[in-house]
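Chains as they are written, first to last, in numbering that gives the first Met the number 0: chain P, 0 to 559; chain U, 0 to 477.
Source of the hints: derived by calculation from the structure; they are not laboratory data.
Among the clues, some could well be false.
DMTMM-like mimics (lysine to aspartate or glutamate), calculated; alpha carbons at most 25 Å apart, straight line [to be verified]:
1. U:Lys135 to U:Asp244
2. U:Lys3 to P:Glu316
3. U:Lys101 to P:Asp89
4. U:Lys6 to P:Glu292
5. U:Lys3 to P:Glu139
6. U:Lys6 to P:Asp89
7. U:Lys6 to P:Asp314
8. U:Lys127 to U:Asp460
9. P:Lys495 to P:Glu316
10. U:Lys6 to P:Glu357
11. U:Lys135 to U:Glu50
12. U:Lys3 to P:Glu357
13. P:Lys112 to P:Glu139
14. U:Lys191 to U:Glu157
15. U:Lys6 to P:Glu181
16. U:Lys3 to P:Glu206
17. U:Lys6 to P:Glu78
18. U:Lys6 to P:Glu316
19. U:Lys3 to P:Glu181
20. U:Lys3 to P:Glu292
21. P:Lys234 to P:Glu181
22. P:Lys128 to P:Asp359
23. U:Lys6 to P:Asp359
24. U:Lys98 to P:Asp359
25. U:Lys3 to P:Glu117
26. P:Lys274 to P:Glu292
27. U:Lys3 to P:Glu453
28. U:Lys98 to P:Glu125
29. U:Lys93 to P:Glu357
30. U:Lys422 to P:Glu363
31. U:Lys3 to P:Glu78
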Amino acid sequence: MTFSYSRQHLDPGALILERFLEIVPATLSWSLLISLTLLCILTPVAGAVTVILFDLYWLFRLMYFTIFLVLSYALLEVERSVKWRDRLEDLLNLESAIARSRKRIRELRTNWKVLYSERRHLATLERVKKESLRFPPPKEIYHLVIIPFYQEGLSVLKPSLEALFQVNYPKDRIIVVLGVEERAGKEALERAETLRERYGKLFLHFEACIHPQDIPGEAAVKGANSTHAARWARKFFETRHIPLDHILVSCFDSDTVVGPEYFACLTYSYLVHPKRTRTSFQPIPVYHNNLWEVPPFARVLETGSSFLQLIEVTDPEHLVTFSSHSMSFQALVEVGFWPVDLVSDDSAIFWKAFLAYEGDYHVEPLYVTLSMDVAVGENLWETCRSIYLQKRRWAGGVENFPILVRGLLAHPRIPLWLKIKRVFRLLEMNVVWAIWTPIMLVLSWAPALVPNVEFSSSVAHFNAPRVAGVIANLAIASLLISIVLSFFLLPKRPKKVSFVQKAIFALQWLLVPFIATIFGTLPAFDAQTRLALGKYMEFFVTPKGKMHTSRRPTDGHPAS
Amino acid sequence: MMGKLRKVILILFTGIYLVVAPLTILYALGYIFSPAQQTLLQTGLVSLNTEPSQAHVWVDGSLSKDRTPLVLRNLRPGSYELRVGLPGYHSWQKRVEMKPDKALRFENILLFPFSLRAQILANFPVAKMWSDPAGKRLIVLEGDKASGLTFFEPDKREFRPIFLPGSNRDASVGEVLLHPSGDRAVVTLARKEGLEPLFVRFFDPIQVRPLSELLQEPFTQLQWGAAPHRSSLFYLQGEALRHLDLDQGALYLNLPKGVRGFATYGWRFFVLDARRRFLEITGKGKIRNIFLEDLGKVRLIFGQDEGERYSIFFLPQASLFSSLDDALALFLSDQGKLFSNKLPYFLDEELVGGLAPAHSHPRALYRKGTELWMVDFEREGEKTFFERGPTPRRIYKGKEAPGHLIWFYDDRYVLFTEGNCVKALDFEGDGEAIELFTISPQIPQIILDRRRGFLYFVHADRNRPARVKLYEGEGLFP
């Protein structure tokens, strides 16, 4: 079955369906918000009841998320000190590795973190043995790292490549491909050349692959550049007769700083996975590269983004790839690479694979972090603008909804329940993203503020805001847990940042309502409305790298 | 493992949500479980707020553990006796009828101390007092000559003369009309040569301008326009209405004749003319017939006696969204009949006097003999098939005719004089007026500075000007 994961070259019927589906998310978000507002004004009792139901739903969702945020953080902490190369060694001789692991568990009675990690490793070894899982030797696994860039400077690119060089993994198994945009001009080509001169001989191969501009059917999006680089890499591997299932491709943002254990952990997870070529591997993105040098709201916002990803990875059943991640090169080739006309290439590649393998494609979380830049600008206003545009691009992932639904209709072999679950989840996530803040912050109190004489002399007029207040307080309790965790997750405090400044960081969480509205609700509505109106977004290069002096090749973890 | 855990917790949370959500909704709607009746019962609540706060509250004699401000929740349908008390203050009480889902609000309960301490403001005897409607500026007259005319400055707590020493020495003071803004007035002096109106602006120094050139003809019913920053005077010359613009120094004569009553409201003014039309007249002199919904009825109201004159009052809008066409006007005839421009038109026809419209609610107070009556358009009366509208109700019966009716404290309370006694009445309370203090029997006049909460009066002791503080909270109810 051939299905085009693109909105181009569709037959008239599919085009009409696609346009209709593009309108659905915005219509749903706007109509929910408007109808709820009207309900609060016209029939305040019904409005108050609906708002309470939503507030409670949100509170439970928040508490539920907080539980998994804590668990996810605990797992991250557990896996932090693991030497993944040793574990790769264990895969070579399962029998003796299992025996060694059992012995270590017997000896490790007090250090719960190491003990738990060891138990997980032992369980994996035993499963691999029990299932007689066949996998290539670790030394035969190659890592293709694609770094597409546009106008980012050397100050952004160098730390990323430096970090690649510092990884605890054989460099002769790493191929780095810089995706250089031709439309970025001569300067970008010169930057690529500078980097090749410096890093060219440090890896198995280093290639600066120039992505020509104006290729028919392509939009000015990152996925087009990545795809061009991946096509080049395919030829590279084919000429060297390296099997595609022996290659893992990692598509990184230009500011992605990998930790030393990333590739070892990725290789281990890939080899022990029963469906390794039908799986993407998702690390946890943190925004620590310049965290101490950005305005407070940006710090809170990006810490929140990291938290969201920490929560997401605890749900592999619904996990979708996000930002920098890795996958089997074989799968990438089989599904036809990244979409070349969508802005959300990170999530789109998952949905593309999901459809191509008729629902049999998954995401495996990796409990290692990748550190990236917080978007910054020349001044506060420019920073706000950059972050807003970045969040709008993230919210632009809603563009996958119409293509996914069209794809699911074209794939009758995908179980109906799975179709409903995936579509509902994608739609719900985007709609709630847009509407939760106005409902929680404004509409929760609206019935009490509406000048309705009849309602103002009803019990609900007094009790509804009280209920909203209790819910808000409980939500703040969840927020407190986030504040505490954020301290643990923060990168090492630079000397010039005082303890008081770090303490002030806790207070900055009070900005959450403001931040959630400006950088959550508005970009989501913006992205959905643009999609509904057919004003498709192209890639916006987020200005990054205001500071890079404190960047270091680290996994961004405080203690690393 | 994490996936399984997520499922378990998701199911658990969904289960809790399905239980908690209906319970929360029931709570928000005031439902409680009645073990005796083995059923859910919808309750009501009472919201109480007092000035001063921290007052004790008794419900059917039992003391509530919280103090004001408080909300008494989960009150089953039935009758309750509420009492609010604070040591040193008169208690407030009321019997309320609680209905399911009903929230009764008593949010501006003012507790009056047993003894109010009067401040004597000056040592001279007062012959007469004037003020603007909000009590921003107080003008008092000592003796009857213009030299005894002073105004009070609350911040400095002193009286300052309006006229320079020596000027207008032999003139006696006729009438003083303060502008609603309180920063200007028309003072009419009576000289041997005749009446001399003066325009006074309370600048520093005070500006006094004679109006004789503009206001040459004899006038009655002098009235300021309601626009706060304009100096527009209206008056009747015989049956013709005149408009005198003091800012422009212009007199407009081309206004309707045969005026039976007029009023100002916002930027415009309104006239009830001899042809029984109620006219709105804009600043540009444009005239339009407005308001009256049922012309037949209007003729019936205003057409009975050609010679009848009316005082016209506007009540505050009932809703933020009301337009001028929805404005409520009350007409009080010189025969003591009270009508409105909205249903039910006929309000009272029995020798009504002393009409006092409220400041921020569509309600008004009037006197009938020794009784006080109220008409409240916010709380409509019985709705019938034919008519809906408020029914006037008696809220107080005294021994003497009440005078000087003043609404205050968000129009919840009424101050009035009865003989030389100042009384306060909460029209939502139990109907008992609280006797506050006594004033000069010769000058039984009271003036309330609504913003600051001071009540000005003439003290019984040597008729000296005095004041008491009735409530705190500057600017609470401007």
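For each hint, the structure was consulted:
| no. | hint | verdict |
| --- | --- | --- |
| 1 | U:Lys135 to U:Asp244 | holds (23 Å) |
| 2 | U:Lys3 to P:Glu316 | holds (10 Å) |
| 3 | U:Lys101 to P:Asp89 | violated (73 Å) |
| 4 | U:Lys6 to P:Glu292 | violated (40 Å) |
| 5 | U:Lys3 to P:Glu139 | violated (34 Å) |
| 6 | U:Lys6 to P:Asp89 | violated (32 Å) |
| 7 | U:Lys6 to P:Asp314 | holds (9 Å) |
| 8 | U:Lys127 to U:Asp460 | holds (15 Å) |
| 9 | P:Lys495 to P:Glu316 | violated (43 Å) |
| 10 | U:Lys6 to P:Glu357 | holds (24 Å) |
| 11 | U:Lys135 to U:Glu50 | holds (22 Å) |
| 12 | U:Lys3 to P:Glu357 | holds (24 Å) |
| 13 | P:Lys112 to P:Glu139 | violated (31 Å) |
| 14 | U:Lys191 to U:Glu157 | violated (32 Å) |
| 15 | U:Lys6 to P:Glu181 | violated (48 Å) |
| 16 | U:Lys3 to P:Glu206 | violated (43 Å) |
| 17 | U:Lys6 to P:Glu78 | holds (23 Å) |
| 18 | U:Lys6 to P:Glu316 | holds (10 Å) |
| 19 | U:Lys3 to P:Glu181 | violated (48 Å) |
| 20 | U:Lys3 to P:Glu292 | violated (40 Å) |
| 21 | P:Lys234 to P:Glu181 | holds (21 Å) |
| 22 | P:Lys128 to P:Asp359 | holds (23 Å) |
| 23 | U:Lys6 to P:Asp359 | holds (20 Å) |
| 24 | U:Lys98 to P:Asp359 | violated (60 Å) |
| 25 | U:Lys3 to P:Glu117 | holds (21 Å) |
| 26 | P:Lys274 to P:Glu292 | violated (42 Å) |
| 27 | U:Lys3 to P:Glu453 | violated (49 Å) |
| 28 | U:Lys98 to P:Glu125 | violated (69 Å) |
| 29 | U:Lys93 to P:Glu357 | violated (73 Å) |
| 30 | U:Lys422 to P:Glu363 | violated (80 Å) |
| 31 | U:Lys3 to P:Glu78 | holds (20 Å) |
Violation of the numbered hints given earlier is confined to hints 3, 4, 5, 6, 9, 13, 14, 15, 16, 19, 20, 24, 26, 27, 28, 29, 30; the remaining hints are satisfied by the structure.
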